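Can you build the whole structure from these sequences, using the hints too?
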Amino acid sequence: MTPRRPEAGLTAWMSAALLLCAAAAGVPDAKAQQVAVDDAAQAYRQIRIEVDYTPAEAIAGFEIWYADQAFESTGDAELHSTIRVADTSVLERALESVVFDRCWSNGLPIHRDAAGNPVVNPDATNWSCALSGMTPGTEQWIAVVPVGADGAPLADTESLQPVVGRTDVPDERTPPPNTRPVLYALSLVVLSTVALLLFLRRQDALQGRSKSRLAHIYVAPALIALATLTFYPIFYGIWLAFTNADQSRLGDEAWIGLANFATIFAGPGVWRVTLFTFVWALSNVLAHVMLGLALAVALDRRGLRGRMAYRTILLLPWAIPGYISVLAWNGMLQPDGLVNGMLGTAIDFFDGAGSARMVVILVNIWLGLPFMMMVFSGALQALPASMYEVAEVDGVSRWDQFRHLTLPNLKGTLVPVSLLGFIWTFNSFNTIYLLTRGNPYSGFGEPGATDTLITHVFAVAFEYGQYGVAAAWSVLIFLLLIGFSWAYLKRTRAMEAVA
Amino acid sequence: MSGVAHDSSGRAAGKPTLAERWYVPAEISALRVWLPFAALVNVLILGGEALRGNAAGMSGTLTAIVLLNSLYVALQNDARRWRRTASRIFATVALIHGALFPLWRDISLYDLWAVSWLVVPAGLSLYWLSTGLSGAWCAGASDARAAELGLARNRRLAPKLEAFGLHVFLLHAVALVVAPVVWIVDVSISPGNILGGAIFDAFSLEHFYAVLGGEAFWLWTSNSLVVALGTTLVGLLLAIPAGYAFSRYQFAGRKGAMFVFMLIQMFPGIIILVPYFMVMKTLGLLNTSIGLIVAYSVTALPLCVWMLKGFFDAVPRALEEAALLDGCNRVEVFFFVVLPLSLPAVAITALFSFLTAWNEFLLALVFNTSNDAYTLPVGLASMIPATNQLWGDFAAASIVVSIPVVVLFVLFQRSLIQGMSAGSVKG
Numbered sequence: 001m002t003p004r005r006p007e008a009g010l011t012a013w014m015s016a017a018l019l020l021c022a023a024a025a026g027v028p029d030a031k032a033q034q035v036a037v038d039d040a041a042q043a044y045r046q047i048r049i050e051v052d053y054t055p056a057e058a059i060a061g062f063e064i065w066y067a068d069q070a071f072e073s074t075g076d077a078e079l080h081s082t083i084r085v086a087d088t089s090v091l092e093r094a095l096e097s098v099v100f101d102r103c104w105s106n107g108l109p110i111h112r113d114a115a116g117n118p119v120v121n122p123d124a125t126n127w128s129c130a131l132s133g134m135t136p137g138t139e140q141w142i143a144v145v146p147v148g149a150d151g152a153p154l155a156d157t158e159s160l161q162p163v164v165g166r167t168d169v170p171d172e173r174t175p176p177p178n179t180r181p182v183l184y185a186l187s188l189v190v191l192s193t194v195a196l197l198l199f200l201r202r203q204d205a206l207q208g209r210s211k212s213r214l215a216h217i218y219v220a221p222a223l224i225a226l227a228t229l230t231f232y233p234i235f236y237g238i239w240l241a242f243t244n245a246d247q248s249r250l251g252d253e254a255w256i257g258l259a260n261f262a263t264i265f266a267g268p269g270v271w272r273v274t275l276f277t278f279v280w281a282l283s284n285v286l287a288h289v290m291l292g293l294a295l296a297v298a299l300d301r302r303g304l305r306g307r308m309a310y311r312t313i314l315l316l317p318w319a320i321p322g323y324i325s326v327l328a329w330n331g332m333l334q335p336d337g338l339v340n341g342m343l344g345t346a347i348d349f350f351d352g353a354g355s356a357r358m359v360v361i362l363v364n365i366w367l368g369l370p371f372m373m374m375v376f377s378g379a380l381q382a383l384p385a386s387m388y389e390v391a392e393v394d395g396v397s398r399w400d401q402f403r404h405l406t407l408p409n410l411k412g413t414l415v416p417v418s419l420l421g422f423i424w425t426f427n428s429f430n431t432i433y434l435l436t437r438g439n440p441y442s443g444f445g446e447p448g449a450t451d452t453l454i455t456h457v458f459a460v461a462f463e464y465g466q467y468g469v470a471a472a473w474s475v476l477i478f479l480l481l482i483g484f485s486w487a488y489l490k491r492t493r494a495m496e497a498v499a
Numbered sequence: 001m002s003g004v005a006h007d008s009s010g011r012a013a014g015k016p017t018l019a020e021r022w023y024v025p026a027e028i029s030a031l032r033v034w035l036p037f038a039a040l041v042n043v044l045i046l047g048g049e050a051l052r053g054n055a056a057g058m059s060g061t062l063t064a065i066v067l068l069n070s071l072y073v074a075l076q077n078d079a080r081r082w083r084r085t086a087s088r089i090f091a092t093v094a095l096i097h098g099a100l101f102p103l104w105r106d107i108s109l110y111d112l113w114a115v116s117w118l119v120v121p122a123g124l125s126l127y128w129l130s131t132g133l134s135g136a137w138c139a140g141a142s143d144a145r146a147a148e149l150g151l152a153r154n155r156r157l158a159p160k161l162e163a164f165g166l167h168v169f170l171l172h173a174v175a176l177v178v179a180p181v182v183w184i185v186d187v188s189i190s191p192g193n194i195l196g197g198a199i200f201d202a203f204s205l206e207h208f209y210a211v212l213g214g215e216a217f218w219l220w221t222s223n224s225l226v227v228a229l230g231t232t233l234v235g236l237l238l239a240i241p242a243g244y245a246f247s248r249y250q251f252a253g254r255k256g257a258m259f260v261f262m263l264i265q266m267f268p269g270i271i272i273l274v275p276y277f278m279v280m281k282t283l284g285l286l287n288t289s290i291g292l293i294v295a296y297s298v299t300a301l302p303l304c305v306w307m308l309k310g311f312f313d314a315v316p317r318a319l320e321e322a323a324l325l326d327g328c329n330r331v332e333v334f335f336f337v338v339l340p341l342s343l344p345a346v347a348i349t350a351l352f353s354f355l356t357a358w359n360e361f362l363l364a365l366v367f368n369t370s371n372d373a374y375t376l377p378v379g380l381a382s383m384i385p386a387t388n389q390l391w392g393d394f395a396a397a398s399i400v401v402s403i404p405v406v407v408l409f410v411l412f413q414r415s416l417i418q419g420m421s422a423g424s425v426k427g
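Chains A and B are the protein sequences, given in the same order.
Using our numbering, read the first sequence as starting at 1 and increasing by one per residue.
Using our numbering, read the second sequence as starting at 1 and increasing by one per residue.
Calculated directly from the structure, the hints in this document are not laboratory data.
All values derive from a computational prediction rather than experimental measurement.
Quick reminder that beta carbons are idealized off the backbone N, C-alpha and C, glycines included.
Keep in mind that a hint or two might mislead.
[What the hints assert, rightly or not] Where chain A lies over chain B, by a calculated footprint (3+ residues, C-beta under 8 angstroms):
id: 1; region: 115-128
id: 2; region: 256-266
id: 3; region: 354-364
[Stated by the list, open to error] From the structure, some residues in chain B lie toward chain A, with a derived Cβ separation under 7 angstroms:
id: 4; residue: Arg52
id: 5; residue: Ala245
id: 6; residue: Gln250
id: 7; residue: Ile270
id: 8; residue: Leu283
id: 9; residue: Arg330
[Unchecked claim] Derived Cβ-Cβ restraints for the label pairs, each shown as a range:
id: 10; chain 1: A; residue 1: Leu183; chain 2: B; residue 2: Pro316; range: 41 to 47 angstroms
id: 11; chain 1: A; residue 1: Lys490; chain 2: B; residue 2: Arg155; range: 43 to 49 angstroms
id: 12; chain 1: B; residue 1: Asp201; chain 2: A; residue 2: Gln161; range: 52 to 58 angstroms
id: 13; chain 1: A; residue 1: Trp271; chain 2: B; residue 2: Val260; range: 47 to 53 angstroms
id: 14; chain 1: A; residue 1: Trp399; chain 2: B; residue 2: Leu112; range: 29 to 35 angstroms
id: 15; chain 1: A; residue 1: Pro384; chain 2: B; residue 2: Pro159; range: 16 to 22 angstroms
id: 16; chain 1: B; residue 1: Thr221; chain 2: A; residue 2: Ser397; range: 50 to 56 angstroms
id: 17; chain 1: B; residue 1: Asp143; chain 2: A; residue 2: Ser397; range: 21 to 27 angstroms
id: 18; chain 1: B; residue 1: Thr221; chain 2: A; residue 2: Gly344; range: 38 to 44 angstroms
id: 19; chain 1: A; residue 1: Ala195; chain 2: B; residue 2: Leu176; range: 53 to 59 angstroms
id: 20; chain 1: A; residue 1: Glu72; chain 2: B; residue 2: Asp201; range: 51 to 57 angstroms
As structure tokens, this is what we get:
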């Protein structure tokens, strides 16, 4: 599927244009409309129609009627589908293959509403749809009727002049994509992992470590799985970053050098989205660490009543599936939601860039707090109680105890946990996607106001279908994260623990 | 405390006495902590008033902040006597200002809560500044004997006051945590799709009937179950041997392999999502359970391996050595000695992979484009698109989905958290 209208299709229009409504229906607002069948774009059981029209306020939608014989009245035809006219800025362009009837408007994939129905913007001047479910090899009559806001047709539905189209693509399944290259690459990865393990095993044997003969066999399944499903995709992704892969080119992408990276850095909002990603991750980690530490210290107090109850309740944001709590906050923050209800206001928090950013950060703080709380709780419990008893006897105030005893002793936990929290928040997707989808909208192809690098890559890949560009973004994120992880692993001295 | 010697001359007019220097009633110490905190909360409330665009509320809250801060300053240790008198005046004014709140804010639950952050600190201050030992301290009437008594009393009172403050703090945290839960329950049992309004004002089970009576929910549940159970099974089959090998054997490449397992956790799914998607599409694994099972078992694998390694480390080696001496071979030792002993740990790891798969959203969103293949997370999220939002049905479904997960999590929280931090934090 390509979002651009194929040039060949333009020349191959065969059916005559026809005037449908306007004067006949006596509605002055309904303007001329041209329906044509694009024969070059016929596909299996699909007929593609092109509709050019003058936008008018009265048009609230289009009904597509069809029959396998000529008809004049909608009574003799069947309703194929409807297209609404509405503001599309709040909607999204459908993922590929979500819906059967692929539609375009002004050359781009059409927006979809919740029910999957296509929606065109009021400003659009044309749309086209590949109507599915057409019987191959027979002529099909198709008519498009504009309808008003009340659902009443704006054209005379008794004297329609349908266009004729047919699809002659034979009744057989499209051949499956060529799996050979992928299978070849996967087996190569498996074989090289096995070879590596055999080599390591031999080394052990040479060094006379006979006791660990079985170790490599034990590790093999996990390592092979990791190699095929993590390393291979990483390298495949790096290759994709230098190709023109997109929705229409699957498996036959071509090398285009650094063009994708040029696209990224020339695109609008690159630095804005990067900056917001850092603001997002840093503010979250700061709040998580400070509040988590405060809660952990509060819960750690000796003789606190109801400690188990508090602990259990405060763990809820961790225990409840994340997507559910994020969607719950989404509902609570709606203009008619609970938060506005309590404040007695009707603010749309997701409307302005500033407030939307604030909201996504606050909700994510709520979501991630229990993890930090529990980590610090665990670390606090490991501190000797006698230390605090001595301090108590010496009359050291609580604050000074915290500052001079607790904090220095927690440093070993604090630093790695903050780094880990930073990486996790940096990588998080659900909160932003389920709250705002990156909106407020900033323009087609541009990151939204609340998009982070991660959610933006998702949009580039699966909403705009630009796999190559998305892969290039992934490579950049990968490089950033290698830096962070290196810092983290160095701090945790993971290597020493391993050895 | 070094200044004590210089002040030992007694009660010069307006100067604190030795007793006063040494002795501060526990109530006053508590107020010194609580008042700035209350002022801080009022700053947040001020933000709320700004959101409302309520000018009277903003000036009222601003006044409250000023009063609470003045009170705090007046209660400082080196306070002259006139400042203590001033503290009573500030407390009285703050209390009156708070009592008159209907003049500058609405009367709603939120407003009552907001104003309580002025009335309660002011009221407590006034009460303590006027009565008992703290009242005497405030009046400058505490002598050496009163201080002696007071110090003993402080030892009893201070922990109670501290506990009170902690409970206030924790209860606020609890309220924030519980709010979405209460909201979901309320929406699920309210008729229609009302997002705000009074809590628990109507009752209807229509949403539960709609969700549980519909086909989609059960389809999504069975998809999720297949995927989560499959992930658990495959994940454990891969992770158990690897965890055991890392725990027990020294072998060439061990260090490198463990490092790789650690490193992989740091990378977000999104960077391999595009190639993943293309591989799955080529192999025809989109919209199948197998595609998700394979992907999930590998994403959860590193943490599972680390968890299991930690658990196996805790199984004493002496048992294995004894079994070896008794003629078991290595494989038998693993299956008949180590595995039964670490069964609880394996169960925890299984629970962890199950929960991960059960709650995962991103991969399921990308790999499942057909409604029939949705797992619960994607299915539930699909109830709330930009238009036609079925909040009531979503809330009902969320409750049904969450309850088992939350119960499992709470029951096994200790072991789960221990295992997870073993894999990520301890290193």
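> What hints, given by number in increasing order, does this structure fail?
Replying inline: 1, 13
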